[in-house]
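Take a look at the letters that make up each chain.
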Amino acid sequence: MSEAACARRAFVAVLRRDLAIFMSYRTRVFSQAMSALFSLALFYYVSRLVHVSGFGSPDRYYAFVVVGLALLGVIYACFTTPALVRQELVAGTLERLVLSPFGAVRAIIAMTIFPLLYAALLATLSLGLACAVFGLKLHWSSVPLAVPVTALALFAFLPFGLLFAALTVIVKQDNVGTSWLVGCLSLLGGLYFPIALLPHWLQVAGKLQPFTPATEAFRHLLVNTPTSEPLALSLLKLALFAASLLPISIFALSAAVRLGQRRATITEY
Amino acid sequence: MTLTELRSATTPAAPRALPARAPAPPADQAARQRREPRAAPLSLRCVTKRWRGARVAVLDRVTVALQPGTMTWIGGRNGVGKTTLLRIAAGLIEPDTGEVEVWGESARENRVRYQRLVSLLAAGDRGLYARLSVRGHLDFCARIAMLPRSELQRAVARAIEDFGLEELAGRRVDRISMGQRQRLRMAMTFLARPEIVLLDEPLTSLDADGAEILRCAIAEVLAREGAVLWCSPERELRVRFDARFALEHGRLVGA
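Chains A and B, in that order, are what the protein sequence lines are. 831 is the number of the first residue of the first sequence in the numbering used here; add one for each residue after it. 10 is the number of the first residue of the second sequence in the numbering used here; add one for each residue after it.
Isolated chain A, as found in the complex (with noise of 0.2 Å):
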């Protein structure tokens, strides 16, 4: 039996894990799925009250913005990898974790995945909401395309929730600056207006990681908005984002676990 096959039966054991905790909370679905539809609500009516310039019509900046909502949640799902950690932490579960042949570097890059997972779930649920109950016209021909995408951008959003885990299992704190960056990024990622509004040195820094593209991209694919850089662009920015950003997030992840071991502050939360 390889052991790769043993490390993929556990890495989706780790997914089974979340999905059966996930799960034990009945009504958390049904929470979410209303959250979600309360907030395509208010920017429904926040569109037809304000005029937004560079936008045809109500309609078009309504579509604009649903995107950035839907990917609003998939960027949070991104940054609760160190609450999980910090849960394990003080569970004691980490420590079972680290004792396995599987490991915890390996457990804490399989964790990262169901929250993903979800919120990806979620922003077609609330895209599909959006279709039904507020009119959004989907561009069909591509949206197809946005599904090789979202796995894409899957991977370059996942060193970030990897790099905040390692800095959990140092610190010990979940909330090390997460709620401001995802605040940050909704701001520069252009989630709620583009970022051609923004001052020239902000969307500079906007292009500095991997949300902007990805919602431009997934703009384009859903609601055929235009792009600021053609769409090859923005695929080859979410490509390198993963390719140069994964490998050092883990590697930072492992170092913190052996710091942890080394200075016996593993055990601690």
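Calculated from the structure, these hints are not laboratory results. No experiment lies behind these values; they were computed from the predicted model shown. Every residue, glycine too, gets a C-beta built ideally from N, C-alpha and C. Careful: at least some of the hints might be erroneous.
The following label-pair restraints were derived from C-beta to C-beta distances [claimed, not checked]:
id, chain 1, residue 1, chain 2, residue 2, range
1, A, 981, B, 234, 42 to 52 Å
2, A, 1007, B, 54, 40 to 50 Å
3, A, 859, B, 48, 48 to 58 Å
4, A, 1007, B, 234, 50 to 60 Å
5, B, 54, A, 1069, 46 to 56 Å
6, A, 876, B, 162, 48 to 58 Å
7, B, 184, A, 1098, 23 to 33 Å
8, A, 963, B, 120, 29 to 39 Å
9, B, 48, A, 1007, 43 to 53 Å
10, A, 842, B, 184, 19 to 29 Å
11, A, 871, B, 186, 40 to 50 Å
12, A, 1081, B, 234, 33 to 43 Å
Add chain B to chain A, keeping to what the hints say.
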């Protein structure tokens, strides 16, 4: 001999008829074959650990070697360093200096193989997911122990049976008692048939049946020529230890 067979043999009035099973393979058969001929199952050599800012080391050049098929007890006052010693032996934390080896190999050389051979039952009632079922825990443990597919279901079924968890298998951990949780934690510790078992105050919350189950689980490890290291402040008089030590001022002394 499997744990269940041991229980049947040592408990004449066993309440349940336990079916015979084919013995499962040890945790890492390949590792067993690669053993150094004269290496101890677990050896700690000159292990020193000093907490940051502390003037004296909590463990000061501790040296101990467990022999195959034996159970060793280490006692000592609260805070003397017993848990730290177990954590170092388990590979959870690293010593400042010194070597820890299982069958002549350290965790640094091959972490995966080391963790396949060693299992730690930590003190207290931590290390469980409140909303995950008993069977969910065992299944999760079997998979992160990277057991082969053919062994997964059998290991979980064996653990449920051996540790008397049949009626609890579908229940969530936050809905079972402390003693039942301790049984589950024991089942998780012994599930992958480790060769070295490290026990930190294992009798916590256990009733007489639970203690008997633990005794049988230990006997099965010893029958496989494994080794057990048991730490507790006071020596359990009902338990027979092959070697006894006490930790005093960071050093191991005979007890």
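_List of violated hint numbers, smallest to largest_ = When the structure is compared with the hints, only number 8 turns out to be violated.
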